[in-house]
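Student: Produce the entire structure from the sequences given, and follow the hints as far as they go.
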Amino acid sequence: MRYKRMICFILLLSIIDVRDAMSINGDEALELFKTRLSSIKTIKGKVTLSYNIGEVYIGSLKYMSPDKIHVEFQKPKGKIIVCNGKKLWVYDYSSNVCGVQDLDREKYSNITELLSSYIAILLSKDKSGYRIRLTNYMQEYYEITLSMDTTFFLREAVFKSSQVDGFTLSLADVIIDEKMTPGIFDYDVPATALVGKNPLDVR
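Count the sequence shown with our numbering and you get residues 1 to 203, in order.
It should be emphasised that the hints constitute simulated quantities derived from the structure, not laboratory data. It is possible that some hints are incorrect.
Unchecked claim - Simulated pairs of lysine to aspartate or glutamate, EDC-like, Cα-Cα distance not exceeding 20 angstroms:
id	residue 1	residue 2
1	Lys87	Asp188
2	Lys68	Glu113
3	Lys44	Asp173
4	Lys127	Asp149
5	Lys46	Glu178
6	Lys44	Glu156
7	Lys86	Glu113
8	Lys46	Asp177
9	Lys87	Asp102
10	Lys179	Asp149
11	Lys34	Glu156
12	Lys68	Asp104
13	Lys44	Glu72
14	Lys160	Glu55
15	Lys44	Asp201
16	Lys79	Asp165
17	Lys34	Glu72
18	Lys86	Asp201
19	Lys125	Asp188
20	Lys179	Glu72
21	Lys197	Asp92
22	Lys41	Asp173
23	Lys46	Asp67
24	Lys86	Asp188
25	Lys87	Asp186
26	Lys41	Glu31
Unchecked claim - Simulated DEER-style distance windows between Cβ atoms:
id	residue 1	residue 2	range
27	Thr112	Ala191	31 to 41 angstroms
28	Glu28	Pro66	17 to 27 angstroms
29	Gly45	Thr112	14 to 24 angstroms
30	Asn198	Lys127	43 to 53 angstroms
31	Gly54	Gln163	17 to 27 angstroms
32	Ile111	Asp186	13 to 23 angstroms
33	Arg36	Pro190	32 to 42 angstroms
34	Asn198	Asn96	29 to 39 angstroms
35	Lys127	Ala172	16 to 26 angstroms
36	Leu32	Ala193	35 to 45 angstroms
Even for Gly, the Cβ is constructed at its ideal location relative to N, Cα and C.
Tutor: Right under this line is the structure:
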């Protein structure tokens with residue numbers, strides 16, 4: 001009798017777990033991720049970019065909603081990416097070259113707008129969070145897999161592309177909604193740097 005009760009209890013837990021896992025689909029999980037991101041004012045932490053060809057970039061990330069980014073890489077040292085929502089700066093200390101891109105709103109979407117064009121499928125749900133796969137074969141990155149915690153905050157994103165090298169982005173040591181000065185998202189290009197304007201427009 002004891003073992004019968006134990007088996008019934010295990011089966012009951014299994015049924016509850018399956019029903020809970022099926023209570024949310026990919027589109028709903030994506031919407032919750034976008035809502036979570038939109039609710040955050042600032043993000044500070046460590047970012048790691050691991051490319052499929054073996055290159056690894058590690059740096060400190062600062063983000064201010066909706067589309068301001070400041071990344072200063074410690075590995076390799078001297079690379080900086082800054083975006084104030086209207087302009088994007090990419091500076092390489094070793095070559096003393098800075099690319100400056102004007103971000104036309106008709107050409108370049110923010111994160112939530114871009115992800116809205118993808119079809120979402122829920123891959124898994126467990127105590128640590130959610131994984132969803134996004135697909136859109138009209139985009140340069142045709143597949144994106146997002147790993148999120150239980151609050152739908154991003155932990156890792158895997159980007160696949162048939163045109164350029166794929167990569168994995170991961171976040172660590174994250175601090176949310178710490179006060180930041182907007183001025184850090186305007187980059188002052190070194191006077192001696194060679195500047196390339198709108199390099200992303202060149203195909």
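Student: When the hints from earlier in the document are held up against this structure, which numbers fail?
Tutor: 10, 15, 17, 19, 34
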